[in-house]
Structure formats: structure tokens, C-alpha cells
Amino acid sequence: MKTLFIHSLIIVSMMLSAPVLAQGDPLRVGMSGQYFPFTFVEQDKLKGFEVDVMNAVGKEMGREIQYQTANFSGLFGMLESGRIDTVANQITITEERQKAYIFSEPYVYDGAQVVTKEGNTEVESVEDLKGKTVAVNLGSNFEALLRELPYADEINIKTYESNLERDTALGRVDAFVMDRVSASQIIKEKPLPLELAGPTFSQITNAYPFRNTEAGQALRDEVNAALTILRDNGTLAAISEKWFGTDITQP
Amino acid sequence: MDVLNVEYMLGLVPVLLGYLPLTLQLAGVGMVLALILACLFAVVRVLRIPVLNQLTIVFISFFRGTPLLVQLFLFYYGLPQLVSALTVIDGITATIMGLTMHFSAYMAESIRAAIVGVDRSQTEAALSIGMTNGQLMRRIVLPQATRVALPTLMNYFIDMIKATSLAFTLGVTELMGATQKEAAGSFLYFEAFIVAAIMYWIVVEMLSKLQHYLEIRLNKAYSR
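Residue numbers (this note's numbering), protein chains in the order written: chain W, 1 to 251; chain H, 1001 to 1224.
Among the clues, some could well be false.
Chain W regions said to be covered by chain H (calculated; three or more residues, Cβ under 8 Å) [stated by the list, open to error]:
hint, region
1, 38-47
2, 71-82
3, 124-132
Computed Cβ-Cβ distance ranges for the label pairs, DEER-style [to be verified]:
hint, chain 1, residue 1, chain 2, residue 2, range
4, W, A215, H, V1029, 30 to 36 Å
5, W, G198, H, Q1081, 39 to 45 Å
6, H, I1049, W, N55, 55 to 61 Å
Quick caveat, the hints were computed from the structure, so don't treat them as lab data.
We put the beta carbon where it would ideally sit given N, CA and C, even for glycine.
The shape of chain H in the complex, shown without the other chains (with noise of 0.2 Å):
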């Protein structure tokens, strides 16, 4: 207890190594699939679908007003109490579920504010040479909006690669749980979970750089 068990913390390194793929897996896909589903109500916002915005509104309203534990519980426990056969979401995919109607609900709020800052000229230039909603959308407004909403949504990317750690609460062993059973068996707390830190940081850090350098090339047309 008094000084730092180094050995121990070299030993745990290779094992939890072997749960991190699980953890990227987990907010990778999450990741991919928010992003869609982020769009998706982005448009519907920005357009004013009738029905389908007001959906949209009340989805990301629940999403966004409720802890992402609390929804884990309800996919994961809640739903089979209803219907027994549901029991088929597994610990996984009721995380990846989780994940991703969680973050979809910030992320559409963000893509949709960059989506309402191209400037207004841009859509009725569109418009006037008689671009459909659709094409207005994929050539000329969602390629600017990009850019603008990047930052964030690397920001919601990284917040989402630590939200897995509420995984185990769903009997997912990934990262945490690894590291929250080793710590229980050594009772080397700190050790234990100061080498979880440094791995979440270094994929973190990654993350960074990978935004940096999209940034520049996202800014390539705005640098003269």
C-alpha cells in the first residue's frame, strides 16, 4: 500500500489490453450508428417533416433528459419484463442500442445547428437552379455542415468510447469490468484503475490527432 506495486501494473497490462478491442468495438459501432440516426433527425428538424419532426423532438426530448444508465436498465431489464422473449438483446447489443439513441439525441442537435448555419443564400442559390430538397441537402448543405459540426462530434465520440465503461452494469466485461474484477481480487485499487486511465487516455489522444488532421483537410477549400 505504501508504494506503488509497478510489477503488479506491467502484469495487468497485456490483460486489459485484451478487453480494449471490446470497448473500441462497442463505441465504434455505436458511433457509426448514432451518426446515421443523427442525420437522419437533423433533416427531419431542419426540413419540419410534419409527424416525423414531432417524433423526433419527443425522441431526443427522452434521450437527452434521461441518464444513459437509467435507458441501459430499461433495454436490458426493462423490456424482457414486458416481453419475455426479448431476453435475445444480449449485453452487447442493449449497450450498442443504448449508446447510440443517447448520443444520437445530442448529435442531431448539434448537426442540425451546423446544418441552419450555412448561410441562407447558399440554399436558395440551390434552389433557383432547381435542386430538390434531397440534392440541396447531399451536394451542397451537408458537405459545409460538416465541417462546422466535426469538433463536436469527435467531443460526443470521445464522451461515448467512456460512457462503455457503464457496460458491465450489463454484464459486458470490457475495459472497466476487467479492471473493476482485477482490482477486486488484488485490492490494488489504484494500481488497477490508474492503468485503466492511461489506456482510455492514449485512445483519447488518438482521437485528437485523428481530428486535427480531418480538420485541416475539411479546411483545405477556406485556406488560400
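Bound conformation, chain W alone (with noise of 0.2 Å):
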């Protein structure tokens, strides 16, 4: 221990200050590995949305991707402790975020969905949530989304790591929120007895989030530049397609 100490005061004194990327230097980019379509596991393979379009992304940029997967609660400190540069996870804009991290343009517009165990019949909207108790993901953005409604105090929210179909499928909780696609696509091909409760009730705008550094706006520009050649060639609309039949990259 103290020699691993020693080293690290070491390497401390060497590298004071943080460079800019070099060019050629890979992406590294965080993810849970746990959100279907978006990111998952198949036999040992990194899969899914947001794979697919950071790779498009990466050679836009002429940089390998290097991806990290880490439990969601862990992504946000290995982004500011300068361990990953962004984190492709579905991240949704939201004011509070805005504060400490620069966001590049989004690329994903989706809506906010209550979604119940099959043949649920008490909650069939997000005003019959009234007195329900309701799983959503920890550090997502759908708790902040509920807590803004005129009733939320009367709701009672629970944080899961991950699971939270499978909670509300178990009649643990009395529905979980999530963004609309990958709601959707959950019940298409997961064998679990939920269905979509209601119309979505909230726009949300997802990005990459970066440091708000020299580097991490260095980055933030490139993502930006090899986005918007993405969005006019259709390479975007043909992920999005490929993953949900639909296009979620307009607004």
C-alpha cells in the first residue's frame, strides 16, 4: 500500500495539468451494459442503440472507441474523475446536469411512459399513479420528471439499480416510468407480462455529457461535427429503424 502510494504522488507531480485528446487517441466512453435496446450483453457481446451509434460517431471522428461498463450509479464519478469522456446511456438534458456538464447535440427524442403489469387495470394514466407506488431507474431523469408533477408527494418513488421490469412484472411496485422506446421494445421482445399504461407525458431530449474543460469541449465539437454528418446522411434514421422500426432521432 504505501508504495502504491508513493507511486501515485509520483505520477502525480508528472502529469499536473489534464491534455487535450491527441488526435488518434481513442474515445472512452461509459455505459451501463444494462439497458435494453440501448446497451446490453448477448454472449459476451456489447450490443445494442447506443453501440451502434457511438461506433458510426467514433468513425465520423477517425477514433476507436473504447468502451467501459460500469453499474449507472458508478458512470457519473468516472466521468468526473477523468476515467471515461462522455457516457452513452440514454443521458437525458436536464437543468441540474447542465450545471456541471456541457452536453453535445441530442440524439435521441423520446417521451416519458408509465408502464404497469399486464391486465393492471387501477393505473392506466400518470394521474392514476395518485397513491401508487412507482419503480424508476436511480439517477435517471424519470424521478425528477415525476417529482414536478402538481401530485407528486402523494406518489411513492422507488429507486431500483436495475431489475425494475421485472419488480413491476412481480406486482412489487405498481408501475415503473421509463422512456418510451425502450418500454416498448421491453414488451415486444422480453418475455414479461407488462403493457404501456397511457400516452407518454413528458418530452425528453437526450445528448452526451462532457466535462466542461478545454478537452471535454474539444470533444464535445467533434461529437457535434461527426453527429450532424450522421443526421443528413441517414445513418442515424437507419440505426434508429434497425433497433425500434421508428425513428427516435428527430425531434
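With the hints in hand, could you dock these two chains into one complex?
So this is what it looks like as C-alpha cells:
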């Protein structure tokens, strides 16, 4: 431990300023690997909409993409501590986050959706959540959206690290709130008795967050340039069609 | 959902097995370092070496008194906030650091108990023939204390293997992290986690066998 500490000190003295990402350096991207169909693993292979978009962005930028998976609760810590350059995990732009990070142009436009166990007649829209227990993912923006509702005090919000779909199907909570796109996809493709409850209730725009530093701004600009090209040549739309059968990359 | 998807489980076995070495490496390196640290702490505590003794007491109190996950977050996310270059501590190093410090605190106490448990007359005899404190520890006390401490130390090692499952929060894809991601892709939670559970279980079972063997060996001098 002592030598490790001394080594750390030596390295501290060597690199007092974080350098701007050099040409050809890989872009380090964090994701949870646990958000179907955006980022998930099948037979040891990282897949999903986020992976496809990021690969396309990397190709345009001429940079290799280095993926780093971690539990969602660890991702912003990794971004903050400079271990990754951005997060590709459907990060919604919010005022809170804008205080701490700078965002790329949005690449997904979506809405918040209530999902219940199949056959639930008590909850058929967001208004019905009064007095109910509702699951949201830890650190996701959906908790904030629920708290903005005028009757937020009457909703019992439960935050999950993962597996909230399963707990809703088991009836441990009355509903969960997620983005409409992935909720529809889960219902369509996975063996869980769930259904959408009513229309979406809030618009959300998702983008890549970067540290608000010189290096972060430079990377953000590079990513934005790549996104513009991919939007114009139809790549973004094609990737979206592949995963969702609809274009979620346009407002 | 109605029946177990055995085919999926079998397909998952080779994938998850690929992550078992990392799990064992985290626990193995953690255990060796924790043992060394714990022995030093125990000796400091038993001999009541001034200053070091007080520092050790504070160290043990902190690392026993706070959850491992909190310590991991402190090392991995907290320290780089204070000193940005500490980002060089990667997830694996931070996990091993956390496991080492956390478990050495526990182990130090059980080693200390084993040392104190060695009959006082042995110490007196060793000192009377002119052994130094170091010789006394190395030749007389520690060999006997090892036998007493072994079962509890093995317990901590087993616990440490399972504690590595926290590492995915620091971005280290070990057995548990790999399982979580696979389960997220298939939504077959039971199948995925039962495969992981069986793997942990088999590893721990093999360690129990090793413990049994070691106990027999260490007891040789005492059985007739």
C-alpha cells in the first residue's frame, strides 16, 4: 500500500494538467450495459442502439471507441474523475446536469412512459399514479419528472439500480416509468407480462455529457460535427429503424 | 418464463467462466496483501508499539466501521476529486485496495486474538532463554497462532471472494458484472444468476476442502 501511495504521488507530480485528447487517441465511452435495447450484452458481446451510434460517431471522428461498462451509479463518477470522456446511456439533458456538464446536440427525442403489469386496470395513465408505488432507475431523469407532477407527494417513488421491469411484472411495485421507446421494446421482445399505460407525459431529449473543460469542449465539438454528418446522410435514422422500427433521432 | 431455459444457462457457462479468473485474482491478491497487513497490525497491537498502536486502532476502527462499498467509492471516485492525477488508480487496483484494507481490519483482530491466546508461559520461556521480541513472534507465537486463526481467516477469504461482486460499480467486469449485463440482455434473471451462484458456490466449496486439508496438517503436532 505504501509503495502504491508513493507511486501515485510520483505520477501526480508528473501530470499536473490533464492534456487535450491527441489526434488518434481513443474516445472512452461509459455505459451501463444494462439498458435494453440501448446497451446490453449477449454472449459476451456488447450491443445496442448506443453502441451502433457511438461506433458510427467514432468512425466519423477517426477515433477508436473504448467502451467501459459499469453500474449506472458509477458512470458519472467515472466521467467526473476523468476515467471516461462521455456517457452513452440515454442521458437526458436536465438543468441540474447542465450546471455540471456540457452536452452534445441531442440524438434521441423521446417521452416518459408509465408501464404496468399486464391486466392492471387501476393505473391507465400518469394521473392514476396518485397513491401508488412507482419504480424508476437510480440516477435517471424519470424520478425528477415524477417529482414535478402536482400530486408528486402522493406518489411513492422507489429507485432501482436495475431489474425494475422484473419487479413490476412480479407486482412488487404498481408501475415503472421509463422512456417510451425502450419500454415498448421490452414489452415486444422480452418474456415479461407488462403493458404501456396511457400516452407519454413529458418530452425528453438525450445527448452525450462532457466535462466542462477545454478538452471536454473540444471533444464535444468533434462529436457534434460527427452527429451532424450522420444525421444528414441518414445513418442515425437507419440505426434507429434497425432497433426500434421508427426514427427516434428526430424531434 | 414458465420453465427454466436450460439451453440459455448452458450457453452462459463458458461466457461467465471467462470472468471467473478475474474474480479469483481480485480476491487472491486482496487476501495475500490483507494477510500481510493484518499480521503487521496484530503484532503492533500485541506489542503495543507506541504511536503505531494508536494509528492501527484508528485504521481498524474506520475500516471495520464503514461499509466496503463506501470505501470503494471513496478510493475510486473520491480521491481523484481531491487530487486529479489519482485517476491512475484503475478499477481493479481500487477494488484490491478496498478489499485489502477492509478485510485486513477484520483479520488483524482475529490474528491478535490468536496470538494473545498462545499460553503466556511459552512467551516467558522464550524470553528467559534470551530470544528477542522478533524471534519470539516468528519462532514461537506465530506458528501456534496460525493454527488457531486459520478457520476464521478462511472465513474472511470466502467472504472476500463474494465481496468482489461489488467491483462492477467501479467498472470492473468480473463474474457478477458479466452476469448482470447478460441478464439485462436476455431478461432471464433467474437463469443468469443461478449460473453465477453455482460458480461462486463451487469455488467456495473447493476452498472449504483446502481448509480441511490445512487443518489436518496443522493439527499433526497435536494429535497422537
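Enumerated hints in conflict with the structure, sorted upward: Violated hint (a single one): 3; every other hint is consistent with the structure.
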